[in-house]
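Start from the sequences and build out the full structure, keeping to the hints where you can.
2 protein chains.
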Amino acid sequence: MALPPKDHPRYKSLLAREKLVEASDVVAKQGLIAHGRGEAFDYLLGEQTCLPALSAIKAAASALIESKNPVISVNGNVVALASREIARLSEISGAKVEVNLFHRTPERIAGLTKMMKKVGVNALGEDADDKIPGLSSERAKCCSDGIGSADVVLVPLEDGDRCEALVNMGKKVITIDLNPLSRTAQTAHITIVDELTRCLPLLSDFIKEKKGFDSFDNKQCLSDVLNYMAERISS
Amino acid sequence: MALPPKDHPRYKSLLAREKLVEASDVVAKQGLIAHGRGEAFDYLLGEQTCLPALSAIKAAASALIESKNPVISVNGNVVALASREIARLSEISGAKVEVNLFHRTPERIAGLTKMMKKVGVNALGEDADDKIPGLSSERAKCCSDGIGSADVVLVPLEDGDRCEALVNMGKKVITIDLNPLSRTAQTAHITIVDELTRCLPLLSDFIKEKKGFDSFDNKQCLSDVLNYMAERISS
Numbered sequence: 001m002a003l004p005p006k007d008h009p010r011y012k013s014l015l016a017r018e019k020l021v022e023a024s025d026v027v028a029k030q031g032l033i034a035h036g037r038g039e040a041f042d043y044l045l046g047e048q049t050c051l052p053a054l055s056a057i058k059a060a061a062s063a064l065i066e067s068k069n070p071v072i073s074v075n076g077n078v079v080a081l082a083s084r085e086i087a088r089l090s091e092i093s094g095a096k097v098e099v100n101l102f103h104r105t106p107e108r109i110a111g112l113t114k115m116m117k118k119v120g121v122n123a124l125g126e127d128a129d130d131k132i133p134g135l136s137s138e139r140a141k142c143c144s145d146g147i148g149s150a151d152v153v154l155v156p157l158e159d160g161d162r163c164e165a166l167v168n169m170g171k172k173v174i175t176i177d178l179n180p181l182s183r184t185a186q187t188a189h190i191t192i193v194d195e196l197t198r199c200l201p202l203l204s205d206f207i208k209e210k211k212g213f214d215s216f217d218n219k220q221c222l223s224d225v226l227n228y229m230a231e232r233i234s235s
Numbered sequence: 001m002a003l004p005p006k007d008h009p010r011y012k013s014l015l016a017r018e019k020l021v022e023a024s025d026v027v028a029k030q031g032l033i034a035h036g037r038g039e040a041f042d043y044l045l046g047e048q049t050c051l052p053a054l055s056a057i058k059a060a061a062s063a064l065i066e067s068k069n070p071v072i073s074v075n076g077n078v079v080a081l082a083s084r085e086i087a088r089l090s091e092i093s094g095a096k097v098e099v100n101l102f103h104r105t106p107e108r109i110a111g112l113t114k115m116m117k118k119v120g121v122n123a124l125g126e127d128a129d130d131k132i133p134g135l136s137s138e139r140a141k142c143c144s145d146g147i148g149s150a151d152v153v154l155v156p157l158e159d160g161d162r163c164e165a166l167v168n169m170g171k172k173v174i175t176i177d178l179n180p181l182s183r184t185a186q187t188a189h190i191t192i193v194d195e196l197t198r199c200l201p202l203l204s205d206f207i208k209e210k211k212g213f214d215s216f217d218n219k220q221c222l223s224d225v226l227n228y229m230a231e232r233i234s235s
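Protein chains in written order, with the working numbering: chain A, 1 to 235; chain B, 1 to 235.
Note that these hints are calculated values from the structure, not bench results.
Just so you know, not all the hints are guaranteed correct.
No copy is singled out in the list; a pair is fine if it fits within one copy or between any two copies.
Claimed, not checked - No more than 20 angstroms apart at the CA atoms, straight line, and that leaves these computed lysine to aspartate or glutamate pairs for EDC-like:
(1) Lys-12 x Asp-159
(2) Lys-29 x Glu-18
(3) Lys-114 x Glu-85
(4) Lys-6 x Asp-161
(5) Lys-219 x Glu-231
(6) Lys-211 x Asp-161
(7) Lys-29 x Asp-7
(8) Lys-172 x Glu-126
(9) Lys-211 x Asp-145
(10) Lys-114 x Glu-66
(11) Lys-114 x Glu-47
Below, the structure written as structure tokens:
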């Protein structure tokens, strides 16, 4: 991996990009484009966790603390960027991890499962025996032990259709999405508009310290984020 | 290539994405990420040419009409997305085309030259015998017949360092960049904040009709674009 210079003002952003390019056998090419979209919105956020995102992270902590059967659904981008952060969150929250892909191939599922194994997580995903209703064949596959029976699902960087399908199954859906206007952001119950490796450690810390936040309005939160971005652009 | 449904509200955007994935042997992986960043900003523009961009396109038309030796510098993303639009602009403006890459390899240069050949353009780039001062080795290479001796250079989707190096050579630099905050956008003399396949035909039309626009302030134009985006976000 070509490491950017540590004193570069955008070191973290460049490092994330190199991590994705490095893992490009298991990251979909469309995933690289999606990452770029996220980068642009993060740029508008000033590459920091804004206050509305912080309230969403606290609401997510509450939901995970109260959950009976939480599952973290991960895809290529999530594993390439944040496998360690996911491993810690899984340990602290007791949530299972399932590899679940939009561009699903057996090779990608196996490669990503192996990458999670390296950070100590036995991820579900290879033996998909269940389906998410309302999605086309390959995209519907999931595990009955995992997403199939979860009450709360954390799906970072998720596609809009799939997010909506999970909501329609009656699950409480938490997403992490840098685009506050995306269908995923608008459809989930709790949307954390923040960069993955920045918000996951905060989420883990809040769960560990049992710092939740019960009163939360996702529409209001998204509107606050948009206003924050608009103010930053016009200044 | 997996064609998106023609009635999809974001057909053009999805088609551009598939074109890049299709051409991924000659498009740098970092180029896919960069495209995603552009997508996000285009989303904020409402995927249409805004009025400030239109004035920049007219200023670019003037500069190209008045130029003695104009050159269009193209990279992997530009060729994958808009080889036909570049060919038409080259024909109408009399500008040469040079393949000039940030992530330069002989294979990519040859592949992109071949793609330009398919649309009738004999692009320079393979026999690089000149250098852009101030850039590191591979990134400095250019052709003395092309960029080396150009008075006006159109460099769509260019890196900030390279844009600055061209300005420092005393060339008039026109760029096309969807991020009005990027260093390229801020450094070029004329920045068209618009999507490539949308603005290139307009630029060609203006040159054909000799519709230029002499009075142009790039800083003001960028500020107008930012205000336009901020208004769209907060509404």
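How the hints compare with the structure:
{"no.": "1", "hint": "Lys-12 x Asp-159", "verdict": "between (24 angstroms within a copy, 19 angstroms between copies)"}
{"no.": "2", "hint": "Lys-29 x Glu-18", "verdict": "both (14 angstroms within a copy, 10 angstroms between copies)"}
{"no.": "3", "hint": "Lys-114 x Glu-85", "verdict": "within (16 angstroms within a copy, 44 angstroms between copies)"}
{"no.": "4", "hint": "Lys-6 x Asp-161", "verdict": "between (38 angstroms within a copy, 18 angstroms between copies)"}
{"no.": "5", "hint": "Lys-219 x Glu-231", "verdict": "both (18 angstroms within a copy, 19 angstroms between copies)"}
{"no.": "6", "hint": "Lys-211 x Asp-161", "verdict": "neither (31 angstroms within a copy, 45 angstroms between copies)"}
{"no.": "7", "hint": "Lys-29 x Asp-7", "verdict": "neither (29 angstroms within a copy, 24 angstroms between copies)"}
{"no.": "8", "hint": "Lys-172 x Glu-126", "verdict": "neither (24 angstroms within a copy, 56 angstroms between copies)"}
{"no.": "9", "hint": "Lys-211 x Asp-145", "verdict": "neither (28 angstroms within a copy, 65 angstroms between copies)"}
{"no.": "10", "hint": "Lys-114 x Glu-66", "verdict": "neither (30 angstroms within a copy, 59 angstroms between copies)"}
{"no.": "11", "hint": "Lys-114 x Glu-47", "verdict": "neither (30 angstroms within a copy, 40 angstroms between copies)"}
Checked against the numbered hints given earlier, the structure breaks hints 6, 7, 8, 9, 10, 11 and satisfies all the rest.
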